[in-house]
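Student: Take a look at the letters that make up each chain.
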Amino acid sequence: MSGDGIRLLTPEGERVPHPDYPFDPAPEELRALYRDMALARRVDAEGVTLQRQGELGLWPSLLGQEAAQVGSVRALREGDRVFPSYREHAVALGRGVDPLALMRLFRGVDHGAWDPDAHDFHLYTLVIGSQTLHATGYACGMAKDGADAAVIAYFGDGATSQGDVSEAFNFAAVWDAPIVFFCQNNQWAISEPNERQTRVPLHQRAQGFGFPGVRVDGNDVLAVQAVTRAALDHARSGRGPFLIEAFTYRMGAHTTSDDPSRYRDAAEVESWRAKDPLLRLERLLRREGAADDAFFAEVAVAGEALAARVREGVRAMASPAPEEMFDHVYAEAHAGVDRERAAFAAYQASFAEEG
Amino acid sequence: MAATRMTLVAALNEALRSVLASDPKTLVMGEDVGRLGGVFRVTDGLQKDFGEGRVMDTPLAESGIVGTAIGLALRGYRPIVEIQFDGFVFPGYDQIVTQLAKMHARSRGRVRLPVVIRIPYGGGIGAVEHHSESPEALFAHVAGVRVMSPATPSDAYWMLREAVRCDDPVIFFEPKRRYYDKGEVDVDPAAGERQPPAHTARVVRPGRDLTLAAYGPMVRTCLDAAEVAAEEGHDLEVVDLRSISPVDFATVERSVRRTGRLVVAHEAPVFFGAGAEIAAHVAEHCFYHLSAPVLRVGAYHTPYPPSRLEEEYLPGIDRVLDAVDQALAH
Chain A
1366 MSGDGIRLLT
1376 PEGERVPHPD
1386 YPFDPAPEEL
1396 RALYRDMALA
1406 RRVDAEGVTL
1416 QRQGELGLWP
1426 SLLGQEAAQV
1436 GSVRALREGD
1446 RVFPSYREHA
1456 VALGRGVDPL
1466 ALMRLFRGVD
1476 HGAWDPDAHD
1486 FHLYTLVIGS
1496 QTLHATGYAC
1506 GMAKDGADAA
1516 VIAYFGDGAT
1526 SQGDVSEAFN
1536 FAAVWDAPIV
1546 FFCQNNQWAI
1556 SEPNERQTRV
1566 PLHQRAQGFG
1576 FPGVRVDGND
1586 VLAVQAVTRA
1596 ALDHARSGRG
1606 PFLIEAFTYR
1616 MGAHTTSDDP
1626 SRYRDAAEVE
1636 SWRAKDPLLR
1646 LERLLRREGA
1656 ADDAFFAEVA
1666 VAGEALAARV
1676 REGVRAMASP
1686 APEEMFDHVY
1696 AEAHAGVDRE
1706 RAAFAAYQAS
1716 FAEEG
Chain F
28 MAATRMTLVA
38 ALNEALRSVL
48 ASDPKTLVMG
58 EDVGRLGGVF
68 RVTDGLQKDF
78 GEGRVMDTPL
88 AESGIVGTAI
98 GLALRGYRPI
108 VEIQFDGFVF
118 PGYDQIVTQL
128 AKMHARSRGR
138 VRLPVVIRIP
148 YGGGIGAVEH
158 HSESPEALFA
168 HVAGVRVMSP
178 ATPSDAYWML
188 REAVRCDDPV
198 IFFEPKRRYY
208 DKGEVDVDPA
218 AGERQPPAHT
228 ARVVRPGRDL
238 TLAAYGPMVR
248 TCLDAAEVAA
258 EEGHDLEVVD
268 LRSISPVDFA
278 TVERSVRRTG
288 RLVVAHEAPV
298 FFGAGAEIAA
308 HVAEHCFYHL
318 SAPVLRVGAY
328 HTPYPPSRLE
338 EEYLPGIDRV
348 LDAVDQALAH
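For the record, the sequence lines run as chains A and F. Residues 1366 to 1720 in my numbering are what the first sequence lists, from first letter to last. Residues 28 to 357 in my numbering are what the second sequence lists, from first letter to last.
Where hints are given, some of them may not hold.
[Said to hold, decoys possible] Beta-carbon label-pair distances, calculated as ranges:
| no. | chain 1 | residue 1 | chain 2 | residue 2 | range |
| --- | --- | --- | --- | --- | --- |
| 1 | F | A310 | A | S1684 | 32 to 38 Å |
| 2 | F | Y207 | A | V1539 | 30 to 36 Å |
| 3 | A | S1684 | F | E254 | 53 to 59 Å |
| 4 | F | L87 | A | P1558 | 46 to 52 Å |
| 5 | F | L87 | A | D1630 | 40 to 46 Å |
| 6 | F | G72 | A | G1575 | 27 to 33 Å |
| 7 | A | G1511 | F | Y120 | 29 to 35 Å |
| 8 | F | Y120 | A | E1705 | 45 to 51 Å |
| 9 | F | P330 | A | P1577 | 57 to 63 Å |
[Stated by the list, open to error] To spell it out: a stretch of chain F is covered by chain A in this simulated footprint if at least three of its residues, at any positions, have a beta carbon under 8 Å from a beta carbon of chain A; those stretches are:
| no. | region |
| --- | --- |
| 10 | 80–86 |
| 11 | 94–102 |
| 12 | 143–149 |
| 13 | 193–202 |
| 14 | 263–274 |
| 15 | 305–319 |
Don't read these hints as lab results, they were simulated from the structure. Note that the Cβ used here is the ideal one computed from N, Cα and C, for glycine as well.
Throw the hints in and build the complete structure from the sequences for me.
Tutor: The structure is reproduced here in structure tokens:
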């Protein structure tokens, strides 16, 4: 296996067939993949801009990881369930989550309260690796229900150091849970490179737990989709978990609060720029005559329109009413919350009376 | 149906059996809960009767147990988790505090996590370290989980059933040194109608001179202390708090307004314990009804000592009575 993993599309946009992962999407599917990646990239850029303008408190950029996210989410079927970490913006869009719902979290008006059931896309999880256990339990429930479905859990290279991720691997293996563990190895956990997290290639971790693991070129959307589809089939068919290490790169900062120039070389970033996931699919589309200038121009226009809607939506986002912090602490009445809510209301009212 | 006399362990087992039978979404999961029936036999026989799919022996990892229970709850199940001993909960503490407690609020009410986490707790059984702790304050401080602790077999039965029915996560602390105490339990549904809600406190011994407030294993200790005090001519009221989050302050206040004196007792260290919250609340709300400062009785702020010292470490009848005497001396 090459260092970058299973590959169906070279950085130059040339197809390379793989015996285990045959995949030949129709031209309109290729265009749809490109479109999804381009729109996600545009929303992501808008997130960074809005943070710089003070409209968002924080934004974790997905730049560079579009193929890993779009390829994997496109492999899902309806009824499959996603457990994301906090950088899966393209996956969210792929599950029909409005980008403004993501922005609400990073603007600080809520904690990202989209409806997980409506989108089969769980809430973002900020504590590293915790969601892999939720995903494993959910998958166990799916199996109990006899559902013809699987779970995909997203996490990063840093998360593989967390005990929860190892526990999730083990529980899933022992329970034969229908789950795909999808690790986006973007090479950096904030400032710590892979060498600080692991002594073995991450996909090899699966062997020790007793299930298959493969590395896929995470910047190759075709390979990611093909491998994820096969892994989901494996999980759905009752053969237990599957680990995918999508070998990719975080082109931007960890978040808008981070300064990667303190810990990594520009040359390394440039070497990955040559493997850009959108560029290589564009090359394929042009090479095979599946898309022309008009298509790329149309996608760019759509991206600008989406960005404009996001921008206006974020700027118009009102802060929640203060008393809402007492809502939904518990599902059922709780005397302690009720007492504090009443005390807060009385305190607020004391200002009104003073005029 | 007549009440049956049974141990607290048997009452918990009956409660689990009844919810497993009535709700196919309930699951029992934990270490050794299946074939063995749990190290205290609380889940004895359940796997045999309900199968491995409903009563699940899990890998030995508390974070994994709580984290996967969350996932099962997201899928519509109602997991009842057993943590084997109080001191073993902490590998799962992150999942409880960071995920289980907050997900309902984070989702603006869309997600409900009806997970019960049963924890045998407290000392007095001569155990090795990490097997005798009372960490309830560490959970009560966390918004989003309910914390309760029964003191009797009857409450064990009815409160556990209510914990399972509740749509909120519940940390259910079981007084392990009272596991084999016996009491009357009426499992008839009509008896259930007469039970006070689990979040309410209960006056278990009325009295006029002083209020003793306790929960879990210390309720029995306080009742015994009240018997001794009665021989000395003091009429003590004992309030079983039952719930630590929320605390039924209304019942405590009503009692203190009558007696004018309050001693709060728990096995957990006094320092930043549940008694501190109750003392502060009563000082704020019953100041002019108090004839004496509110006193707290509990363990010392040390690691749980070797078991040969636990009689000195834990508050027993004498320490409770010492505090009672101090309060009555005012």
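Student: In ascending order, which of the hints set out earlier in this document are inconsistent with the structure?
Tutor: Result: hints 4, 8, 9, 12, 15 break, sorted rising.
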